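2 protein chains.
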Amino acid sequence: MSEYDAILFANAAFYAAFTSRDTSAMEKAWAHDKPVSCIHPGRVAITGREAVMRSWQAIMGNPDSPGISSHTEKVHLHGDLAVVTCVEQLTLGSGRQSLAATNVFGRAGALWFLVHHQAGPLQGDPGISAENEPKPALN
Amino acid sequence: MSEYDAILFANAAFYAAFTSRDTSAMEKAWAHDKPVSCIHPGRVAITGREAVMRSWQAIMGNPDSPGISSHTEKVHLHGDLAVVTCVEQLTLGSGRQSLAATNVFGRAGALWFLVHHQAGPLQGDPGISAENEPKPALN
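As given, the protein sequences belong to chains A and B, one line each in that order. Using the working numbering, read the first sequence as starting at -12 and increasing by one per residue. Using the working numbering, read the second sequence as starting at -12 and increasing by one per residue.
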């Protein structure tokens, strides 16, 4: 597996953990031995592994959290760190929203782990709202 | 100057270049010898120094571009790379908008240069719009 493939694998594992609500996999996706931080859409930065993990537990424990997939990934390798940019596609019912994301990974041996994540909504995207959800039939 | 101070200096130089519309200083703030990328608010990622610089020239050449300042900086050092999170305060006339930002810096000797930037609006922030601008007197 090339370095680029290993980084893309770590990126895919992060989104798989999110969309399958697997908190154990999410904990494994983030670095244990490096400073970590996270900027969720619309929020200020969270710093430190414990606080970042709590934020993911809250998001993944919310039954209204969307599903997520990643595409258009680009890998920028900087030695033992890598910056990945991608587009996130969120789905909730029939609603869809696209976000632009930064994922920074640190190397530990042959594996790569998240040290930072930021996502923010794409302009002009209608977003996920009640209006995008299927309406219940009136009769 | 400590490593943290040098990184914060590079972060401040980036925002000083933006707010003073100094394209030469902006070009100096970004790495020349490393892969660079940038996610402007609401946009997908831009990759490569030439495209990233073009995007800053367009933003800084727009007379309606806001002023900008940075606060609440946190530095996360990873050897020769550093992740800085901060809050950006944009000002345009009487309008204000806050964004959360990620700035990733790479070391070149004793100096640090941007390799990646993402900023996205904070939730609940009213943003800069025509409604926030002073209204012209009707008479």
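These aren't lab readings, by the way, just hints derived from the structure by calculation. Note that this is a predicted model, so its numbers are computed, not measured. Among the hints, erroneous ones may be present.
Claimed, not checked - Simulated restraints on C-beta separations:
#, chain 1, residue 1, chain 2, residue 2, range
1, A, Ala45, B, Asp67, 43 to 49 Å
2, A, Arg30, B, Lys15, 29 to 35 Å
3, A, Pro50, B, Ala45, 41 to 47 Å
4, A, Ser11, B, Asp67, 29 to 35 Å
5, B, Met47, A, Asp(-8), 36 to 42 Å
6, B, Ala3, A, Gly29, 24 to 30 Å
7, A, Ser7, B, Glu37, 35 to 41 Å
8, A, Asp51, B, Pro50, 40 to 46 Å
9, A, Arg8, B, Arg30, 26 to 32 Å
10, A, Ser52, B, Arg30, 44 to 50 Å
Said to hold, decoys possible - Rough simulated footprint, nothing fancy, chain A against chain B, three-plus residues with beta-carbon under 8 Å:
#, segment
11, -2 to 12
12, 22 to 28
13, 92 to 100
For glycine and all other residues, C-beta sits at the position ideal for the given N, C-alpha and C.
Consistency of the hints with the structure:
Taken as a hint, the range 43 to 49 Å is violated for the pair A/Ala45 and B/Asp67, whose Cβ atoms sit roughly 34 Å apart. A C-beta distance of roughly 31 Å is found between A/Arg30 and B/Lys15, which places it inside the suggested range of 29 to 35 Å. Distance hint check: the CB atoms of A/Pro50 and B/Ala45 are about 42 Å apart, consistent with the given range 41 to 47 Å. Our hint of 29 to 35 Å for A/Ser11 and B/Asp67 holds, since their Cβ atoms are close to 32 Å apart.
Taken as a hint, the range 36 to 42 Å holds for the pair B/Met47 and A/Asp(-8), whose Cβ atoms sit roughly 38 Å apart. Against the hinted window of 24 to 30 Å, the Cβ-Cβ separation of B/Ala3 and A/Gly29 comes to about 27 Å, which satisfies the hint. A C-beta distance of roughly 39 Å is found between A/Ser7 and B/Glu37, which places it inside the suggested range of 35 to 41 Å. In this structure the supplied range 40 to 46 Å holds for A/Asp51 paired with B/Pro50, their Cβ-Cβ distance being about 42 Å.
Checked against the given bound of 26 to 32 Å, the beta carbons of A/Arg8 and B/Arg30, roughly 30 Å apart, stay inside it. Separation of A/Ser52 from B/Arg30 is about 25 Å and departs from the stated range, judged on CB atoms against 44 to 50 Å. Residues of the segment -2 to 12 of chain B with a Cβ under 8 Å from some Cβ of chain A number 0, which does not satisfy the need for three, so the listed coverage is violated. Check result for the segment 22 to 28 of chain B against chain A: holds, 5 residues qualifying (beta carbon to beta carbon below 8 Å, three or more required).
Counting residues of the segment 92 to 100 of chain B whose beta-carbon sits less than 8 Å from any beta-carbon of chain A gives 1, not enough to reach three: the coverage restraint is violated.
In summary, the numbered hints that this structure violates are 1, 10, 11 and 13.
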